[in-house]
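Protein sequence lines correspond, in order, to chains A and B.
By this note's numbering, the letter at position 139 of the first sequence is numbered 151, and the numbering carries on one by one without gaps.
By this note's numbering, the letter at position 294 of the second sequence is numbered 306, and the numbering carries on one by one without gaps.
There could be a bad hint or two in this list.
To be verified - In silico BS3-like links for lysine-lysine, alpha-carbon gap of 27 angstroms or less:
(1) B:K250 x A:K173
(2) B:K122 x A:K40
(3) B:K134 x A:K122
(4) B:K314 x B:K134
(5) B:K314 x A:K250
(6) A:K173 x A:K77
(7) B:K250 x B:K262
(8) B:K262 x B:K274
(9) B:K250 x A:K40
(10) A:K274 x A:K262
(11) A:K274 x A:K173
(12) A:K173 x A:K262
(13) B:K173 x A:K250
(14) B:K77 x A:K77
(15) A:K40 x A:K173
What the hints assert, rightly or not - Across the chosen pairs, the derived CB separations fall in these ranges:
(16) B:Q253 x A:R344: 34 to 40 angstroms
(17) A:P113 x B:A325: 39 to 45 angstroms
(18) A:K122 x B:S33: 40 to 46 angstroms
(19) B:G59 x A:D196: 56 to 62 angstroms
(20) B:E58 x A:R344: 50 to 56 angstroms
(21) A:D29 x B:P113: 41 to 47 angstroms
(22) A:L170 x B:A319: 33 to 39 angstroms
(23) B:A36 x A:T133: 53 to 59 angstroms
(24) A:P342 x B:Q197: 40 to 46 angstroms
(25) B:L170 x A:R344: 56 to 62 angstroms
Said to hold, decoys possible - Computed footprint of chain B on chain A; a stretch qualifies when at least three of its residues, placed anywhere within it, have a C-beta under 8 angstroms from a C-beta of chain B:
(26) 53 to 59
(27) 160 to 173
(28) 271 to 279
Keep in mind that the hints were calculated from the coordinates and are not lab data.
Quick reminder that beta carbons are idealized off the backbone N, C-alpha and C, glycines included.
Protein chains: 2
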Amino acid sequence: MVNGVEHVDEKHGDEFDLIASVFAPLAKDSGALGLRDDAAVLRPPEGHEIVVSCDAINEGVHFLKDDPAETIGHKALAVTLSDLAAKGARPYAYLLSLSLPRDSSPDWLKGLAAGLHALQTKAGISLVGGDTTASRGGISIVVTGLGLVPQGHAVLRLGAKPGDRIYVSGTIGDAHLGLRLLQDQALAETWGLSEEDVAFLVERYRRPSPRCDLALLVRNFAQASIDISDGLVGDIDKLCQVSHVGMTLKTEHVPFSPAARKALAREPDLLPALIAAGDDYELVAAVPERCVAAFEAEAEAKQLRFASIGEVAVGDPQVRVVDAKGENIPLRHRGFSHF
Amino acid sequence: MVNGVEHVDEKHGDEFDLIASVFAPLAKDSGALGLRDDAAVLRPPEGHEIVVSCDAINEGVHFLKDDPAETIGHKALAVTLSDLAAKGARPYAYLLSLSLPRDSSPDWLKGLAAGLHALQTKAGISLVGGDTTASRGGISIVVTGLGLVPQGHAVLRLGAKPGDRIYVSGTIGDAHLGLRLLQDQALAETWGLSEEDVAFLVERYRRPSPRCDLALLVRNFAQASIDISDGLVGDIDKLCQVSHVGMTLKTEHVPFSPAARKALAREPDLLPALIAAGDDYELVAAVPERCVAAFEAEAEAKQLRFASIGEVAVGDPQVRVVDAKGENIPLRHRGFSHF
C-alpha cells in the first residue's frame, strides 16, 4: 500500500458491496444505469431547460458530527432542491458524491441512505449517479441536483424591479436557534422553550424542508427569486446586487415561528441574528405589483405560506433593515458564510 | 461566532470577492448566469441525451498536498471529462464544488483556476455553477460534468459481447510510476530513468489527459466502453461484470510508454502493479469483430492510439490475465480503491 493509492482487499471489496447495496435502491431511474456505469444518461423532455446546482455540506461546517446520519442525508439533498425550487424548477434527478472517513460504519451509511430516500421519494426523483471516495478529513457530501423548467421560464436572481413586492416563505431564524440549542442546552430555559419548541427548532436545523411545493407559484408570479441559505438579509442583498435595486425590510413583517417568538420575547436582541442567520431554506420572491393579488390568492388557495416583507426600490443595491418606527436597525453581520 | 456557522466579516468578504474574481472568468456560457445565481440554466440542443457524472478528488487520496494547484485544478476536471469520453459524449458544461481549508491562499486559488481554465479551453466548455465552502479537513474538489450524445448513442459498460475485440488507448501504468517517484526519488536510479522520463511519468500522474478526442471513435464503433480510473484489470472487470462476459488479457499486448518499459526492464515484477494501478484515464472499448477493420483504419487515419489487448469471451465475468505463453499471471490486487 502506497500513500494516496490503496489496494482493494477483501475488506474493501465488502465495503464497496455495502455501498452498492445501500445506494442501488435509490437509483430507480433507468438513466441511472443501476449506478453501475461511469455516468448517468438522461433524456430530458423536449421544450425544457435544465437547471443544475451543486452544494457541498461538510462535517463541522454544515452539520454536526453527532447529527443523526438520516438527517445529514436529508439535508444534503434538501439544500440543492432548495436552489432548484428558487429557480421555479421541478426536481428531475440528482447525483451524490460522498467523501467518507475510513471508519464510517454500515449503520451510518444506511442512515444516510434512509434520509436521502425519504426526501427523494417526497420530491419524486431518483439518484442517478455519483461516486464514493475516501476522505482524510471529515465527511463531505456534494449533491448535484438537476431540475426542469419550460424553456425561458426559469426565475433568476436578476429581474427584480422597483415596485415589486418582496415575499418570503415559511418562518425565519428557526435553524439558527436549533443549532444554538444543540450547542448549549441551557438556552432552552433562558428562552422559555418547551420540549416541543426545542424539538421543532432542532428539526428545522437538521431537516430543513426545501420548498419544492412553491416552485410553480414562484415560476408563475415572481420575476426574481432566491433561496435563503446564508441568511434573509444577506441573500436578499445578493438578489438586490444582481438586480441593481434596493429594498427596505420591515422587521415587524418578518415571519417567525411561535418558538422563535418565545425566544425573541425573552431576548429581543436575538432579532438581528435571526434575520441574518443561515440554513432557513425558505424562498424569497419578488412579485410585480400587478400580480400581487393573484399571487396572494393562489398562495392562500393552496395554503402556501408567504409573508410580504417589503418592497423593491431604486437605490443602493442592498437591504435596508428598519423597525416598526422606520428606524434603521444596525446589523453587525448581514449574512453567514461557511468559508 | 458560533461553532459551525460563522459570520461574514470584512476579511471573509474579501475572500468571497477573490473567489468570484478568480472563477468568474471561467464562466463564459450565458447559462452560467455569471455564477451569480443559485443554479445554472442550460438549454441542451434537441435530439440529444445528457450524460452526467461527478467525481471528487481529495487531498492525500487523489492528489498530494504538495502538488501544484494548477495540476490539481486540471485533474479535478480531467477525471470527470474522462467519464464523459468513455460514454462517447462530447463535453457540454461543468460545475465545481470546492471545499477548502480556511488558510487557502489567493495564489493557490489562482493556480487552481488556471488549471481548470487551460483544460476547459481545450475541451471547449465553460464553468456554469457550483459552490465554495469551508472544510475542516483537507481540500476536496467535486466536478460535475455534463456531456451530450445524440439520442440513443451513449456507449455503456453494458453491451460487450463474446467475440468483441478489446482495445485500450494510450499507455498504461505511467501515473502509478509517477506517484511512486514523487514518494521516493531514489526509484529513478533503481529504474534507470532519465530526468525526462521522470518528468513524463510525474506529469502523467498529476495532469492526466482525458481522452475527449476519442469519444467520437468510441461512439461510432464500440458497443461497450469504460475509462480506466481504478486500474486496467479492475475496470475491465467492471465492464465484464455488467456485460456478463469474460475476457483474457494478454500482458504482452498492454501498451507501455518508453519510460514504463525502462522501469519494467529493471524490475519485471512491476508488471502486476502497472496493470492494476489507477489514474490512467485511458479508455477501454469493446469493438465488435465486424467493425474492427473500420475502427483500426479510422484510429490510424486520425492518429489516435489504440492497442488491441484481448477478446471478449463467454465465461466468468472477470479478466483472466496471461503472459506471452498463455500462463495465468497471479494478481494480488485487481484494482485500486480510494476507499
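Status of the hints after comparison with the structure:
1. Using a Cα cut-off of 27 angstroms, the hinted pair B:K250 and A:K173 is violated, with the two alpha carbons roughly 54 angstroms apart.
2. With a C-alpha separation of about 40 angstroms, the suggested pairing of B:K122 with A:K40 is violated against the 27 angstroms cut-off.
3. About 41 angstroms separates the Cα atoms of B:K134 and A:K122, which puts this hinted pair outside 27 angstroms; it is violated.
4. For the proposed pair B:K314 and B:K134, the alpha carbon gap of about 18 angstroms is at most 27 angstroms, so the pair holds.
5. Of the supplied pair hints, the one linking B:K314 and A:K250 is violated, its CA atoms being roughly 49 angstroms apart against a limit of 27 angstroms.
6. With a CA separation close to 43 angstroms, the supplied pair A:K173 and A:K77 exceeds the 27 angstroms bound.
7. Taking the CA atoms of B:K250 and B:K262, the gap is near 18 angstroms; set against the 27 angstroms cutoff, the hint holds.
8. Taking the CA atoms of B:K262 and B:K274, the gap is about 20 angstroms. The hint holds against a cut of 27 angstroms.
9. Between B:K250 and A:K40 the alpha-carbon distance is near 21 angstroms, which keeps this suggested pair within the 27 angstroms criterion.
10. This hinted pair checks out: A:K274 and A:K262 have alpha carbons roughly 20 angstroms apart, not beyond 27 angstroms.
11. Taking the CA atoms of A:K274 and A:K173, the gap is near 35 angstroms; set against the 27 angstroms cutoff, the hint is violated.
12. A C-alpha spacing of about 18 angstroms is found between A:K173 and A:K262, which places the hinted pair at or below 27 angstroms, so the restraint holds.
13. Proximity of B:K173 to A:K250 is assessed by CA-CA distance (about 54 angstroms); at most 27 angstroms being required, the pair is judged violated.
14. For the proposed pair B:K77 and A:K77, the alpha carbon gap of about 25 angstroms is at most 27 angstroms, so the pair holds.
15. Simply put, A:K40 and A:K173 have alpha-carbon atoms about 42 angstroms apart, too far for the 27 angstroms limit, and the pair is violated.
16. At about 57 angstroms, the beta-carbon gap between B:Q253 and A:R344 misses the expected band of 34 to 40 angstroms.
17. Taken as a hint, the range 39 to 45 angstroms holds for the pair A:P113 and B:A325, whose Cβ atoms sit roughly 40 angstroms apart.
18. Separated by about 43 angstroms at the C-beta atoms, A:K122 and B:S33 satisfy the suggested range of 40 to 46 angstroms.
19. At about 58 angstroms, the beta-carbon gap between B:G59 and A:D196 stays in the expected band of 56 to 62 angstroms.
20. At roughly 51 angstroms, the beta-carbon separation of B:E58 and A:R344 lies within the given 50 to 56 angstroms, and the hint holds.
21. Restraint check, A:D29 to B:P113: a C-beta distance of roughly 33 angstroms breaks the suggested window 41 to 47 angstroms.
22. Checked against the hint of 33 to 39 angstroms, the C-beta distance between A:L170 and B:A319 comes to roughly 51 angstroms, which is inconsistent with it.
23. Hint check: B:A36 to A:T133, Cβ distance near 37 angstroms, so the stated range 53 to 59 angstroms is violated.
24. Hint check: A:P342 to B:Q197, Cβ distance near 59 angstroms, so the stated range 40 to 46 angstroms is violated.
25. For B:L170 paired with A:R344, a C-beta distance near 57 angstroms keeps the hint of 56 to 62 angstroms intact.
26. Only residues whose C-beta sits within less than 8 angstroms of a C-beta in chain B count toward coverage, and the region 53 to 59 of chain A has 5 of them, enough to reach three; the restraint holds.
27. Given as covered by chain B, the region 160 to 173 of chain A passes the check, having 6 residues with a CB less than 8 angstroms from a CB of that chain where 3 are the minimum.
28. Check on the region 271 to 279 of chain A: 0 of its residues sit with their Cβ under 8 angstroms from a Cβ of chain B, so the three-residue criterion for coverage is violated.
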